[in-house]
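Peer 1: Please work from the sequences and hints to get the whole structure.
Residue numbers (the working numbering), protein chains in the order written: chain A, 1 to 396; chain B, 1 to 396.
Rather than coming from a laboratory, the hints here were simulated on the basis of the structure. Given the structure is predicted, the values throughout are model-derived calculations rather than measurements. Wrong hints could be hidden among the right ones.
Stated by the list, open to error - Some but not every residue of chain A turned toward chain B, in silico, with C-beta under 10 Å: (1) Arg-228; (2) Cys-256; (3) Ala-324; (4) Arg-358.
Said to hold, decoys possible - Non-contacting residues of chain A with respect to chain B, defined by C-beta distances greater than 10 Å in every case (computed): (5) Met-4; (6) Asp-47; (7) Leu-105; (8) Glu-120; (9) Ala-131; (10) Glu-172; (11) Glu-177; (12) Val-200; (13) Asp-206; (14) Cys-218; (15) Gly-229; (16) Ile-237; (17) Gln-241; (18) Gly-289; (19) Gln-321.
By construction, the Cβ of each residue, glycine as well, lies at the ideal position given by its N, Cα and C atoms.
Here is what each chain is made of, one letter per residue.
Number of protein chains: 2
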Amino acid sequence: MRRMTARPANAHQARLLRLLRDGGPNSRAQLGDQVELSRSKLAVEIDRLLQTGLVVADGLAASRGGRRSHNIRLAPSLRFLGVDIGATSIDVAVTNAELEVLGHLTQPMDVREGPVAVFEQALAMAAKLRASGVAEGFDGAGIGVPGPVRFPEGVPVAPPIMPGWDGFPVREALSQELGCPVMVDNDVNIMAQGEQHAGVARAVRDFLYVKIGTGIGCGVVVGGEVYRGTNGSAGDIGHIQVEVDGRPCACGNRGCLEAYFGGSALARDAENAAREGRSAQLAARLDEGGELAARDVAAAATAGDAVALDLIREGGTRTGQVIAGLVSFFNPGLVVIGGGVTGLGHTLLAAIRTQVYRQSLPLATGNLPIVLGELGPTAGVIGAARLTSDHLFSPA
Amino acid sequence: MRRMTARPANAHQARLLRLLRDGGPNSRAQLGDQVELSRSKLAVEIDRLLQTGLVVADGLAASRGGRRSHNIRLAPSLRFLGVDIGATSIDVAVTNAELEVLGHLTQPMDVREGPVAVFEQALAMAAKLRASGVAEGFDGAGIGVPGPVRFPEGVPVAPPIMPGWDGFPVREALSQELGCPVMVDNDVNIMAQGEQHAGVARAVRDFLYVKIGTGIGCGVVVGGEVYRGTNGSAGDIGHIQVEVDGRPCACGNRGCLEAYFGGSALARDAENAAREGRSAQLAARLDEGGELAARDVAAAATAGDAVALDLIREGGTRTGQVIAGLVSFFNPGLVVIGGGVTGLGHTLLAAIRTQVYRQSLPLATGNLPIVLGELGPTAGVIGAARLTSDHLFSPA
DNA sequence: TCTACTTTCTCCACCATCAGGACAAAGATG
DNA sequence: CATCTTTGTCCTGATGGTGGAGAAAGTAGA
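Peer 2: Right, here's the structure in full:
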């Protein structure tokens with residue numbers, strides 16, 4: 001079961017592997033244009049990579065006016081596993097070396113059931129994907145979990161919404177089970193990396209990925225690399241105060257952003273509105289299901305319900321308030337809004353934009369796009385795969 | 001006049017120069033312990049550095065149990081100029097290669113008089129220092145200005161409190177005048193670097209330096225390097241909103257932090273208190289000077305005036321509110337409070353600490369020191385000198 | 001079809017870098 | 001005075017890397 005995937009022997013090889021990952025199959029000549037190596041050196045390094053089996057020859061490239069060059073690509077048998085553990089769901093996907101998704105499964109699952117149950121589930125999903133024929137084994141796996149992680153060890157630390165996960169050796173345990181290297185990170189960070197690799201944040205070096213879902217978190221990318229902070233809790237913006245002496249929050253404080261616009265806060269507000277008869281739509285949904293969730297608000301808003309739209313607008317304004325502060329502080333080149341916000345996307349985006357453009361200084365907002373994520377639920381799994389590929393494609 | 005200072009030829013040499021700068025004179029053997037080079041290679045690189053004149057031999061080191069090693073130090077004739085242009089003052093200092101201050105001058109000066117007048121003054125101060133014998137010429141100069149800077153070009157961009165500075169080619173102009181390389185940065189960034197080099201932030205990789213003075217700004221250090229953001233405006237926290245629909249601010253918005261606790265806001269609040277007869281101390285000072293400044297509040301607070309103390313406490317609480325948000329987001333390993341806050345230091349610090357420790361999550365605050373800067377007004381000039389030394393001590 | 005030109009790739013000679021061993025110099029220890 | 005440790009230098013061999021020559025494989029035009 002254990003798969004001993006080769007590793008690049010030096011920085012040049014690592015560089016080439018990443019170029020092939022990010023740019024797809026490429027000719028030797030074109031690779032030569034992108035790296036500052038002599039022809040001879042390049043040939044040597046490529047030969048070595050061919051020997052290790054990490055890359056393979058792939059026919060002839062189109063002529064650029066002379067002799068045709070040989071194409072090179074990453075080994076087509078390489079497989080990465082991307083796992084995105086959300087608060088209420090698990091996403092598992094298999095990608096090839098270019099991080100294209102070959103198979104993707106989603107299942108609802110409450111993260112509070114604990115690491116053992118969750119990983120049993122996740123491993124079953126991975127096995128199912130493998131059985132479907134998209135992969136024979138995995139060369140690396142990336143895992144995103146909804147809480148802070150001590151990154152070098154791959155261990156969750158003091159996760160507020162994940163009782164029972166504190167200190168669980170995710171990396172080690174899964175590495176055992178899967179027989180391949182495993183990297184673990186906060187789910188927001190891997191989503192940010194996903195959007196960076198294949199989504200709206202390509203070619204942006206400093207940006208924020210704000211995820212609005214059950215919780216509210218933020219991936220911070222500095223110079224193209226995820227910034228994790230001293231304890232791995234950077235980007236934990238859900239408990240920034242938006243109202244002095246405001247609503248009590250589960251964290252023990254008052255007035256936190258999540259107390260107003262987290263998944264459960266939104267659901268509660270909606271239920272109140274339904275009970276008080278302010279919204280027929282929401283009331284109908286409440287009767288149907290017995291309780292309301294964030295997605296009910298999204299559905300009602302899409303259907304034009306005024307109260308639901310107001311809830312989203314108000315939440316967007318509050319989120320925008322926080323983001324405005326972060327924009328002033330961080331001066332990013334892009335802000336991406338993501339998470340389980342499909343549907344309520346544009347109303348939310350408009351509210352956030354209004355607030356940020358009004359509150360932050362012109363120099364910081366002047367050329368600042370605020371956009372929705374492009375990848376939706378695949379952002380996480382692609383980012384997870386990328387995390388592990390970054391590790392694999394670095395000198396041993 | 002132009003001084004052609006040599007530059008290191010490669011990364012090894014740059015590394016050695018920085019070790020000598022940060023650790024002072026050192027023996028060849030000890031340097032060898034700190035870098036991963038073979039003895040032969042090390043000897044070659046040191047010989048080359050000796051040839052360029054950047055370092056000189058400095059006698060014999062103490063024995064470590066065997067043959068005594070030869071000491072090496074940075075050329076004692078190297079001189080850096082550090083200039084810290086504040087909103088209301090200019091600091092100019094000369095340092096040696098180890099960034100020890102050899103001479104330091106301060107003069108009041110309103111930055112609004114424009115770059116020409118300000119630099120005339122600064123150059124006169126530099127000339128005075130040179131005349132006093134501490135330097136014959138400068139090998140590099142670092143300039144801090146109170147506003148955002150497009151760092152690679154060394155040009156202020158859209159500085160709010162510095163009309164007339166927008167686009168002024170500071171780097172080029174001063175490089176001409178001084179005949180040496182010049183680096184320009186935001187003054188908060190250089191103060192952060194100063195505390196990092198010689199103050200409380202030694203050995204911390206990720207930290208925030210919050211400067212409270214005429215304006216309120218924040219230096220952001222990520223992985224030991226200053227983070228400047230996409231437009232060089234990162235750390236501009238003075239205009240983060242602390243009160244919805246709050247006081248109008250000079251920036252055009254409402255409720256900004258600076259509208260409550262910037263230098264002029266503090267002065268105005270104090271004047272109001274004096275006029276309304278709430279504080280005899282402040283009233284007396286107002287009678288004396290005709291107007292009040294932030295330092296009057298500091299003085300009154302030191303003398304025990306209750307109103308002044310309240311003003312500082314309230315400002316500290318508001319600042320703490322903002323910092324709490326930044327701590328959640330950035331998860332720094334240290335927060336340094338600096339600026340012209342001498343005197344009101346501990347009251348302020350207590351208020352900030354209370355607020356941050358109450359509002360931020362335990363994981364982020366658990367091991368987070370919040371301390372006053374160690375260097376006071378020399379932080380800026382040392383940081384400025386360090387900025388230019390970083391540039392000079394990098395491969396050409 | 002033939003010639004001239006371009007691009008790609010390999011081979012090779014040559015240079016620079018660097019590690020590590022041998023050894024000498026200089027001092028500590030007893 | 002003998003032995004051990006540390007430091008510094010010299011030398012050799014290995015490795016890494018550059019760039020030229022030239023073959024291979026193609027295009028373009030006459």
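Peer 1: All the hints need checking, so say for each whether the structure fits it.
Peer 2: Structure-based check of each hint:
{"no.": "1", "hint": "Arg-228", "verdict": "holds, 8 Å"}
{"no.": "2", "hint": "Cys-256", "verdict": "holds, 9 Å"}
{"no.": "3", "hint": "Ala-324", "verdict": "holds, 7 Å"}
{"no.": "4", "hint": "Arg-358", "verdict": "holds, 8 Å"}
{"no.": "5", "hint": "Met-4", "verdict": "holds, 28 Å"}
{"no.": "6", "hint": "Asp-47", "verdict": "holds, 28 Å"}
{"no.": "7", "hint": "Leu-105", "verdict": "holds, 32 Å"}
{"no.": "8", "hint": "Glu-120", "verdict": "holds, 27 Å"}
{"no.": "9", "hint": "Ala-131", "verdict": "holds, 39 Å"}
{"no.": "10", "hint": "Glu-172", "verdict": "holds, 22 Å"}
{"no.": "11", "hint": "Glu-177", "verdict": "holds, 28 Å"}
{"no.": "12", "hint": "Val-200", "verdict": "holds, 15 Å"}
{"no.": "13", "hint": "Asp-206", "verdict": "violated, 6 Å"}
{"no.": "14", "hint": "Cys-218", "verdict": "violated, 7 Å"}
{"no.": "15", "hint": "Gly-229", "verdict": "violated, 3 Å"}
{"no.": "16", "hint": "Ile-237", "verdict": "violated, 5 Å"}
{"no.": "17", "hint": "Gln-241", "verdict": "violated, 6 Å"}
{"no.": "18", "hint": "Gly-289", "verdict": "holds, 33 Å"}
{"no.": "19", "hint": "Gln-321", "verdict": "violated, 7 Å"}
Going through the hint list in order, the structure does not satisfy hints 13, 14, 15, 16, 17 and 19.
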